[in-house]
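Construct the entire structure; sequences and hints are all you get.
There are 2 protein chains.
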Amino acid sequence: MTSHITLSGERFSVVYHLTGTEAEARAKAADICLEQTVELPDDLLTGDIRGQIVGRVAWLRQIESGVFEAAISFARETVGGELTQLLNVIFGNISLKPGIRVERLELPESLLRSFRGPRFGRDGLRARLGVPHRPLLCTALKPMGMTAAEMAELAYKFALGGIDIIKDDHGLADQPFCPFEERVKLCADAVARANEQTGRRCVYMPNVAAPADRVLDRALFAKQTGAGGLLIAPGLTGLDTMRQIADDDRIGLPIMSHPAMQGSFVAVAQSGLSHFALFGQIARLAGADASIFPNYGGRFFFSLDECRRLADGAAVEMGHIKPIFPTPAGGMSLDRVPEMRHVYGRDVIFLIGGGLRRHGPDLTENCRYFKRLVEENW
Amino acid sequence: MTSHITLSGERFSVVYHLTGTEAEARAKAADICLEQTVELPDDLLTGDIRGQIVGRVAWLRQIESGVFEAAISFARETVGGELTQLLNVIFGNISLKPGIRVERLELPESLLRSFRGPRFGRDGLRARLGVPHRPLLCTALKPMGMTAAEMAELAYKFALGGIDIIKDDHGLADQPFCPFEERVKLCADAVARANEQTGRRCVYMPNVAAPADRVLDRALFAKQTGAGGLLIAPGLTGLDTMRQIADDDRIGLPIMSHPAMQGSFVAVAQSGLSHFALFGQIARLAGADASIFPNYGGRFFFSLDECRRLADGAAVEMGHIKPIFPTPAGGMSLDRVPEMRHVYGRDVIFLIGGGLRRHGPDLTENCRYFKRLVEENW
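Protein sequences appear in the order of chains F and Z.
Numbering of the first sequence is given in numbering that gives the first Met the number 0, commencing with residue 0 and proceeding in unit increments.
Numbering of the second sequence is given in numbering that gives the first Met the number 0, commencing with residue 0 and proceeding in unit increments.
If you're looking for bench data, these hints aren't it; they were derived computationally from the structure.
Some hints here could point you the wrong way.
Identical copies look the same in the list; a pair holds intra-copy or inter-copy alike.
[As the list claims (entries may be wrong)] Here are the simulated lysine-lysine pairs, DSBU-like style, with alpha carbons at most 35 Å apart: (1) 156 with 96; (2) 184 with 370; (3) 156 with 370; (4) 184 with 222; (5) 96 with 184; (6) 370 with 96; (7) 321 with 156; (8) 96 with 222; (9) 96 with 321; (10) 222 with 321.
Just so you know, these numbers come straight off a predicted model, no measurement behind them.
Given below as structure tokens:
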């Protein structure tokens, strides 16, 4: 093997948290450099590959007892501009090794250039909805089992009450009791009808998570039928499928990312991906305009600190890649709005589902109350 | 909400492991029934939805101190025949809750009918390779950084030495130093040339993990260029993308599934998915003919017992869904072949990468030695 490799010299870095003693952490860092690139032991490599393809440990420091932080840089060319291969270099094989967590990505503009990122981002979505300042209000169509006509009736009531974004529950797919096309048509019409009455610009975002050969058709159908955005769970479809629909100029709709099936990446503190990286930075690279996650203190396992860090990742500087909306959800009640407003600031989408049903018998009134609560508390 | 729902009555089950006291496990099971379907508390539901859409706990029993096993059944219609939505019902939202692990799936033929599964399976792949009985021999083209011509030279040597399957390292994508199309053409030609000399039917399996809008093109190009199979990492592309290329009659090639990025699902025993379910049952539903995983005692974290269970999942009865090859890999050396043969039986693919380079200076001789070892030990 006598390869002579000529690369640009441009590199990107991944900051990992490594569990163990300093010696163990150093060994892990050295191993990541090989595992994520050449997948061969060092002694089987020749000079150019060792020097240019293998990752490099930029620095390593202790951050707490038994945990070290290390930045490892990789040649931009190992990724070649593809999100799938970027994910692979960041965490592919080492997802199968213990005590390694991706904390954050440090990507130079030369690599970011390969990605469009969110088409709308915070400013774009605010402009589209006509809500320049306050937090955005979101709720979900549910429960599974209702007909498309019943979903549309719900959507109408929500839109009339002042909700900004009405999304499908992510479990609504193309079930026989509520077929996708019928649902999208009826719900988009219902929201348009309410908008005529209110003069507002509420959008309906149907769920387009679907088999690989149908996602694009569903997204195009939704666009043509008047949906104002799309919901997708990249843990079900693959992150790059979300990127594909975000990039498609025929679609051109805002996208909410749902965390279904992604929980295992953040389930333990010592491995996987950080909330900052997965639901912030990576969601943005993959084109989401809003990143849904289970709020602290709800029925899921995220802590307040993890939620704060997630929101940081949704806005951290990433060249031309726009900041997006953190979207806390998951068993939130209306009485938590003031506190959530305090934690997340104004650039947030409050997604309240069941809690909005529970407040009183008149759903439209409940939405008005939700809106007043948010308007009073920013 | 006055839905009257008429369903088939056909149900499928998921067996979960739930951590906690019996009361906690029962509460978790009841919560899964709601969380994976309606996403509303029980008191907000009407009769038909509660009775037909919400999951049902079939049974719950203690299996060890602090761990309970529960079977929960769901109406087939909640899934509607889509792999993405099946994954969602099995583990979507509850991936975000602690102490819940998917142990195994129990799917009736009425649901399995929606999936073709592996096109070849064990018998089909053996027939294609002309290897009716013994374990199959596999190695990988690496390291990243070599040119396509150098990769082809390696492939030729491996094929000449008697390897059955030569796959790309999963980190080979479409990098500038080794473009996809050039690599596939040169490597497929090199393997064909070797096959003419040996009279054998070695296949080259290029990696087609790629952005969502390019996977199918890469798979079609590979097919047209003479590749004998495909490698894909569904953790990077989405599981249903693998299903899509497995189902496409224009492609019709055997598929090896690579576990990159899937490690977090199996990283801890109390949550995620079992090895049996993810690398066995789910890989089969998604069309893999072989499921690569890190062998116990290598450079990854799988235990002997987990590997055995994984191999069980690759063969467990699933109606018309064919059994597939467990493919242990990850830092294996040739001297472990007899022991691996003992653990996995004859229906296994041994994937040895670096270990094959290390045995001696002549790679073709090393392959012959590998083949003799396997032939002597079955």
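Structure-based check of all given hints:
{"no.": "1", "hint": "156 with 96", "result": "between (49 Å within a copy, 31 Å between copies)"}
{"no.": "2", "hint": "184 with 370", "result": "within (26 Å within a copy, 60 Å between copies)"}
{"no.": "3", "hint": "156 with 370", "result": "within (14 Å within a copy, 69 Å between copies)"}
{"no.": "4", "hint": "184 with 222", "result": "within (10 Å within a copy, 40 Å between copies)"}
{"no.": "5", "hint": "96 with 184", "result": "between (46 Å within a copy, 34 Å between copies)"}
{"no.": "6", "hint": "370 with 96", "result": "between (46 Å within a copy, 29 Å between copies)"}
{"no.": "7", "hint": "321 with 156", "result": "within (32 Å within a copy, 49 Å between copies)"}
{"no.": "8", "hint": "96 with 222", "result": "between (42 Å within a copy, 33 Å between copies)"}
{"no.": "9", "hint": "96 with 321", "result": "both (32 Å within a copy, 30 Å between copies)"}
{"no.": "10", "hint": "222 with 321", "result": "within (22 Å within a copy, 39 Å between copies)"}
Checked against the numbered hints above, the structure breaks none of them.
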